[in-house]
Amino acid sequence: MKANSLSAVSAQPGEALRVEAISKSFGEVQALSEVSFSAEPGEVIAICGPSGAGKSTLGRLISGLDIPDSGNIFLGDRALAEVAPQQRRVAHMFESLALYPTLDVFANVASPLRAPSHRGMFSSAEISARVETMLAMMDIAHLSKRRPSELSGGQRQRVALCRTLVQSPSLFILDEPIGHLDAKLRHRLRGEINRRQRALNQATLWLTPDTLEGMAVADRVIMLIDGKVQQIGTSREVYAAPASTSIARLLGDPAMNLIDIWLKQEADGLKVLCNGERMQVGDEFLARLKATGRLRLTLGFPPLHTRLDDPAAVVGLPGNIYTVEPFGKYTLVTVEVNGVHVKAKMPARFQTDVASSVQIGIPVEHVLLFDQESGVLIDNATLPLHNKNVSTPNTLHSEA
Amino acid sequence: MKEVRLENVTKSYDGETLAIPGINLVCARGEMLALLGPSGCGKSTTLKMIAGIESISDGAIFFDDTDVSDLNTASRNVAMVFEDYALYPHLSVFDNIAFPLSVRGKSKAEITEQVERVLKLLGLREIAGEKVQQLSGGAQQRVSIGRALVREPDLIMFDEPLSHLDSDQKVQLRTEIKRLQQTSKLTSVLVTHDQNEAISMADRIAVMDKGVLQQVDTPSAIYNQPANIFVASFIGEPPMNLLEASYAGVDGQPRVSLAAGRSFSAGEQVWWSLTRRAQGAGLVIGIRPEQVAINPPHTAAGALLLSGRVFAHEPGGDSDVVTVDTSVGRIVAEAPAPLMLAAGGEVELGLEPAHFHYFCKNTGRNLLLEKP
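In order, the protein sequence lines correspond to chains U and G.
Per the numbering used here: the first sequence ends with 1309, consecutive numbering throughout.
Per the numbering used here: the second sequence ends with 424, consecutive numbering throughout.
Because the hints were derived from the structure by calculation, they are not lab data.
Bear in mind that the values here come from a model prediction, so they are computed numbers and not experimental data.
Note that CB positions come from ideal geometry on N, CA and C, so glycine has one too.
Some clues are possibly wrong.
[Unchecked claim] Below, a sample of chain U positions facing chain G; criterion: calculated Cβ distance under 8 angstroms:
| id | residue |
| --- | --- |
| 1 | GLY936 |
| 2 | VAL938 |
| 3 | SER960 |
| 4 | ALA1092 |
| 5 | ASN1103 |
| 6 | GLU1146 |
| 7 | TYR1148 |
| 8 | LEU1160 |
| 9 | ASP1162 |
| 10 | ALA1164 |
| 11 | GLY1191 |
| 12 | LEU1195 |
| 13 | LYS1199 |
| 14 | LYS1254 |
| 15 | SER1266 |
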C-alpha cells in the first residue's frame, strides 16, 4: 500500500518552474526586483538570504497569495498569472504554519488530500497510508489525535511539514521548514526530506535564512539579498567563490574573514596597509594584488585556513587576541587588528591568553579578492575549488 | 556583582505537578552561567524565578548571603537583556542607555559620566545620537546591553539575546558579549536554546531537560564528558551517533558486541567501569561524527571497520556530513570538505574505540564517569 501510493507520486510527470523577471513592491518598499531563475523537475533549490531579503514574498507570488507587479511565472507550460491559487498545484508550507486549530493532527495532515484539488486521486485507505507514513517519518505518529494547541512549537512545525509533503503537487515551497526544531531532529529531517524530494519528479523550493542548511539540502543555491538574485550555483560553487562580500558574509560558520586593504606607494616601494597596520606580503602575492589594477581591495579568507603564529605563513598581519571560544571540536579565536576582527578556527586543544600579541598567517592559496567599493569578486584565479590540498586546514577534530 | 545561589528551588503552577522538581545551582561572582535545553525544559522558568518575575514554590534564592526569595523584581537589582531588545525606538542611543538612571533621579552630570563609560565599553560612542529604530538588530542589542550595564546591577540576565539576529550579526555580537564577559567579569545568567551560543559565551553550562538539571560543567567537559545520553545527543552538531550494544567478558577478554555480530575489545582504561557497571547489561555506545573516519587509508590496531552505503551526503562549509547505512545501524560522519561521495555509493568507515563514550541503556548515565 505504502509503496503503491509513493510510486503513484513519482510516476506523475514533472514540471519545470520558470520565474521570469518578477518584481514586487509594497508601498515604497521594493521587496523583489527582476527576480529570475528556474527549477527543474526533481530539483531541490535553496533560496537563502537574511531576514527581509524577500524569500517569503517570492514564495507567496509563486503560490498565488500575492500578485507580482511585473514579470511572469511558468509551471510547466502554464502561465501562473492566469491560474487561480488553488488550481496551481503548489504545496506551500508557511513559516506561520497556518494549521486548523479545531482539527487533530491526522485531519490537519489529511486535509489537502480531501480538498477539491485532489478529488478522486486517493481512496480513503490511501489517504490514511500516506498520512501515517508521513507522521512516522516526522516522529509524530503518536500525536495523531492531538489538536495543534496541545503541541509544542517544534511539533506544530512538523505537522505543517507533513501536511505539505503529503500532497502530490507540481511544486513544493517550504518556508523555513525546520527552523524551530532542535539540532538533532533538524539534522535527521533535512537528510530525509532532501532524499525524499530528490526522488520525486517535482521541484522543491527550500526557503531559509540559514545558508549552511540551504547548502546541505540543495542541488543549487540561490542567494537573494535586498530583493535581488545575487548568485545562483551549486553549494560548492557559491561557497568557494561567493560573487560579492555581502554573500560571503552569509556563508560558513563563522563566515570568511573580510579585511580591507590599501596598496600604498611609499618611499621604499609599494606597501600593503590594513587599517594603518603594515601587512607582510610575499612578492608573488603582491604581484597578484597589483594585477587587479586596484589600490583598494577586500581580502576574503576562511577561518579554517587562517594561521596563528605559523612561521611558514608568507602573508601576515600582527594583532592581539580578542576572544577565545572553546567549541568542543575546535576553538574559535578572534584576533583584533586596529579594530578589525579576524577569526581563526583552531584545533580544540589550542590555548592562548586574551590580549597577548599574535601574528595572523593569511592563507594565500585560499584568498579571494573583492573590489572594496562594489564588493564584487574580481579574482578567484587560485580558486581552491578542485584542489583543496594546497594547504591543510587547521584540524576539526577534537583530540582526546 | 553578587554570587547567585539556588537552594532546592521548586516551581509548581497548579499546586500538584512540579514544573521544576528542585534545583540547586550556583552562578559564581564574575561568571556567565548558561541555562541550555530544549523548549519546555524549565530554563525560562528558572530565569524568571531568579529575576523575581515568577515566584518560587519552595526553597530559597540567595544573592551573596541575602535571601531574595520574597523580594520583588525591582528590589533585586537584576538587569535584563531581552531577545527583542525592548528599547524606546524614538529615543536616541544615549537616551535609551540613560533611561534607568534618569528614572532613578540621578544628576545630569552623573548620568552623562555613567552613560559615556558604557558607550565607550560597547563601542557605541559614534552612534550615541542616533535613534535606535535606525540601527541594525545587532546594534540595538548592544544598546540594550548598555542599558543593563549602566545601572550597575548585581546580576545580568540574557534571555535568548541573539535569537532575532541574522547569522553574521549573531557571530559578531556573540564575540562582543564574550569579550565583555572576559574583560569586565560580569555575573550573568544566559538562557538559550542554541548550544553554539552557550558554548561560545558561557563559562559554565547548566543543561536542563524536563525541569531537571542534567549536567553543570564547562563547555569542553560537557562536550567531551557528557554525563548522560540526553546531554550527549543534545550537544554537538551533527549529533553524536548512538549505537546499542552489549558487554560481556569472554575468556577474560572483555568484548563489546554491536548489532549483526560485530564486536570489538574495549580499551583497557574502560574495563573497570564496564565490568563493574555493565556486565550483561544493555549499553549504548556514543561516537561523535567528526571521529568517524571515511575511507581511512590506514587504521589503528583495534579499530572497527564497517562497510556501508551512503544514505545522504550533505555539503557544508568547512566540512561535509555523510550519513551511511551499515550493518550496525545508520552512522553520521563529518569530514573536511569537499568529500567526493554520492548517495548510494559504497564507503568504508573506521571507528576507534578510544573515542567511544559508553552509556548505560537503562539509566542513560555515562559509565566512564561513574565513581565507585
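Practice task
Give me the numbers of the hints this structure contradicts, sorted from smallest to largest.
Solution key: Of the numbered hints, 1, 2, 6, 11, 12, 13 and 15 do not hold.
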